[in-house]
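Peer 1: Each protein sequence line maps, in turn, to chains E and Z.
Note that numbering that gives the first Met the number 0 has the first sequence beginning at 0, numbered continuously upward.
Note that numbering that gives the first Met the number 0 has the second sequence beginning at 0, numbered continuously upward.
These aren't lab readings, by the way, just hints derived from the structure by calculation.
Since this is a predicted model, take the numbers as computed values, not measurements.
Yeah, the Cβ is synthetic: ideal placement off N, Cα and C, and Gly gets one too.
Just so you know, not all the hints are guaranteed correct.
[To be verified] Derived DMTMM-like pairs: lysine to aspartate or glutamate, alpha-carbon spacing no greater than 25 Å straight-line: (1) E:K185 with Z:E168; (2) Z:K11 with Z:D217; (3) Z:K1 with E:D130.
[What the hints assert, rightly or not] Simulated restraints on C-beta separations: (4) E:G106 with Z:H211: 51 to 61 Å; (5) E:F88 with Z:I100: 31 to 41 Å; (6) E:G119 with Z:E252: 25 to 35 Å; (7) Z:K1 with E:S63: 51 to 61 Å; (8) E:S48 with Z:K154: 48 to 58 Å.
[Stated by the list, open to error] Facing chain Z, according to a computed beta carbon distance under 10 Å, are these residues of chain E, among others: (9) W102; (10) M132; (11) V133; (12) E183; (13) Q186.
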Amino acid sequence: MLDRREFLLTSAVSVLPTIRSGGCRFLVEPGNPLAAESLRGYRRRLRESAEARLIVVPGFRKLSAGQLIALQTSVLNGACVVLETGLAFASGEEIAAQSADLWNHFGIRIAPQLSKATGGFRYIRYHWPIDTMVRDFSAAVVLEPGSGEPIGSAAGQVLAIRRRVGQGCMIYLGSPLGPALLAEDKQAESWIRTLSEGV
Amino acid sequence: MKKSIGDNLIPKGMKVEDGLALVKRAGFDGIELWLGDQPWFQMATTDAQIRELYRQVLDAGLVVSNVPNALDWDENVSDRDPKKRAAAFAHITRQIEVAQIFNCDAILVVAGLVTEAVPYNEVYARTVESMKSLAEKAAAAKVKIGVENCCAEQKFLMSPREFALFLDEVRSPWVGIHLDVGNIHETGFPEQWIEIHGPRITRVHVKDVLRHRGRCGDQSVYTNLFLGDNNWPAIRGALQKVGYDGWIIAEMESRYRYAPDQQFFDTSAAMSRFISGNL
Numbered sequence: 000m001l002d003r004r005e006f007l008l009t010s011a012v013s014v015l016p017t018i019r020s021g022g023c024r025f026l027v028e029p030g031n032p033l034a035a036e037s038l039r040g041y042r043r044r045l046r047e048s049a050e051a052r053l054i055v056v057p058g059f060r061k062l063s064a065g066q067l068i069a070l071q072t073s074v075l076n077g078a079c080v081v082l083e084t085g086l087a088f089a090s091g092e093e094i095a096a097q098s099a100d101l102w103n104h105f106g107i108r109i110a111p112q113l114s115k116a117t118g119g120f121r122y123i124r125y126h127w128p129i130d131t132m133v134r135d136f137s138a139a140v141v142l143e144p145g146s147g148e149p150i151g152s153a154a155g156q157v158l159a160i161r162r163r164v165g166q167g168c169m170i171y172l173g174s175p176l177g178p179a180l181l182a183e184d185k186q187a188e189s190w191i192r193t194l195s196e197g198v
Numbered sequence: 000m001k002k003s004i005g006d007n008l009i010p011k012g013m014k015v016e017d018g019l020a021l022v023k024r025a026g027f028d029g030i031e032l033w034l035g036d037q038p039w040f041q042m043a044t045t046d047a048q049i050r051e052l053y054r055q056v057l058d059a060g061l062v063v064s065n066v067p068n069a070l071d072w073d074e075n076v077s078d079r080d081p082k083k084r085a086a087a088f089a090h091i092t093r094q095i096e097v098a099q100i101f102n103c104d105a106i107l108v109v110a111g112l113v114t115e116a117v118p119y120n121e122v123y124a125r126t127v128e129s130m131k132s133l134a135e136k137a138a139a140a141k142v143k144i145g146v147e148n149c150c151a152e153q154k155f156l157m158s159p160r161e162f163a164l165f166l167d168e169v170r171s172p173w174v175g176i177h178l179d180v181g182n183i184h185e186t187g188f189p190e191q192w193i194e195i196h197g198p199r200i201t202r203v204h205v206k207d208v209l210r211h212r213g214r215c216g217d218q219s220v221y222t223n224l225f226l227g228d229n230n231w232p233a234i235r236g237a238l239q240k241v242g243y244d245g246w247i248i249a250e251m252e253s254r255y256r257y258a259p260d261q262q263f264f265d266t267s268a269a270m271s272r273f274i275s276g277n278l
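Chain E on its own, in the form it takes in the complex (with noise of 0.2 Å):
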């Protein structure tokens, strides 16, 4: 019997979006500041495109249940999402909530409480798609054990992880990437320049 994960994944395949290699396109949620603020960062270094590949979801905190749905017919249709929290300054329920919606949609697992650097601020050491770091962005998220393949961590903590969905891949960031695409930070740059080609 199909639980409801299941049973949202495979009903979404019947939505197929024509997708292309090259540029991105975003989903943001409205009223946002932290999702505005991270937005502006990708759009320096992204080129928009309504057919992209690569989808990129700044600084979310709540997605709408229909917009949950078209992710997850993206990626099952070979799209890239890059889900990127906003959860830095959220409240206990607004974590929980995206806790829930992380694993009834695409089967990731957050810790229920952030990680914050002792002595004001810490790198994350990114191992893919280029070994590369970058400055923490306040309170992280962590992902639990089997939310995916790790791909960024810090003193330990998995913070960004990715993982195949169907005929594409989640990447979810704990910490946002936005802020410092913004600051014109040069490695987080290079980060999502060799995503961005590589999808």
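Place chain Z on chain E using the hints.
Peer 2: Just chain Z, lined up with the frame of chain E:
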């Protein structure tokens, strides 16, 4: 990363060969040779004497990490007096020549001194113009000029972004920043300077700082590594982030009342710990 220390810390009166042996014994890979500080390296030192000095460095099992000068505070490229500017050009040119003899690819200069009498905009324009001109000599010699950030003392280029704009205006791959992590505490954070300048960093000076002393009292703001307020894990992380794997050079004040040679050993041990990342 490799470790070096300035020859200006070698106790006054010690022979150069004894000083070099001490540096080697303490575990350093290289020596920073200051033009205009110790008697063995002055403007009057001939090429033949420079070659002999280089032989002594190699015999001690060291290499020359870089060539700074102790003269810019009196003879600066931003001075209003053309004679002083010419003197600055002469000693920087000499640094470039000597660096070639030493098989070394980097020098250090302090470019631009703002004073009550010589205002910022004037210093800025003259300094950019001078560095553009010196960049041609540096390019021909394949020696990089590292402009040091002595921000508070120079009253010049006090933010990392302004320093970057300055280098943009000089517009030469042969002019970068010799980044001193001990000169930033009044106006910012060294790890942020490292992130912004990344590939433009020619060399890194290390020392620690005591923020609470400021610069107005009669006590030095500087101290030995790990005794002050620098965030060393952050500095180490930032260097790793930007891929810096070059020389780190101790620029220490002589602080030991007894056994001054011990400062070399203690500094070397701290630098090894810093390089290991075990902080």
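Peer 1: Determine for every hint whether it applies to the structure shown.
Peer 2: Hint by hint, here is what the structure shows:
As the CA atoms of E:K185 and Z:E168 are separated by approximately 20 Å, the hinted pair is consistent with the 25 Å bound. Between Z:K11 and Z:D217 the alpha-carbon distance is near 23 Å, which keeps this suggested pair within the 25 Å criterion. For the hint linking Z:K1 to E:D130, the alpha-carbon distance of about 23 Å falls within 25 Å, and the restraint holds. Taken as a hint, the range 51 to 61 Å holds for the pair E:G106 and Z:H211, whose Cβ atoms sit roughly 52 Å apart.
Between E:F88 and Z:I100 the Cβ separation comes to about 58 Å, which falls outside the hinted range of 31 to 41 Å. Checked against the given bound of 25 to 35 Å, the beta carbons of E:G119 and Z:E252, roughly 27 Å apart, stay inside it. Between Z:K1 and E:S63, the C-beta spacing of about 56 Å keeps the proposed range 51 to 61 Å intact. Between E:S48 and Z:K154 the C-beta distance comes to about 49 Å, which sits within the given range of 48 to 58 Å.
Annotation: interface hint on E:W102 violated; nearest CB of chain Z at approximately 32 Å, more than 10 Å. Because the beta carbon of E:M132 sits about 4 Å from the nearest beta carbon in chain Z, less than 10 Å, this interface hint is met. A hinted interface residue such as E:V133 counts as satisfied when its beta carbon comes closer than 10 Å to some beta carbon of chain Z; here the least separation is about 8 Å, so the hint holds. Because the beta carbon of E:E183 sits about 9 Å from the nearest beta carbon in chain Z, less than 10 Å, this interface hint is met.
Because the closest C-beta pair between E:Q186 and chain Z is about 6 Å apart, less than 10 Å, the hint holds.
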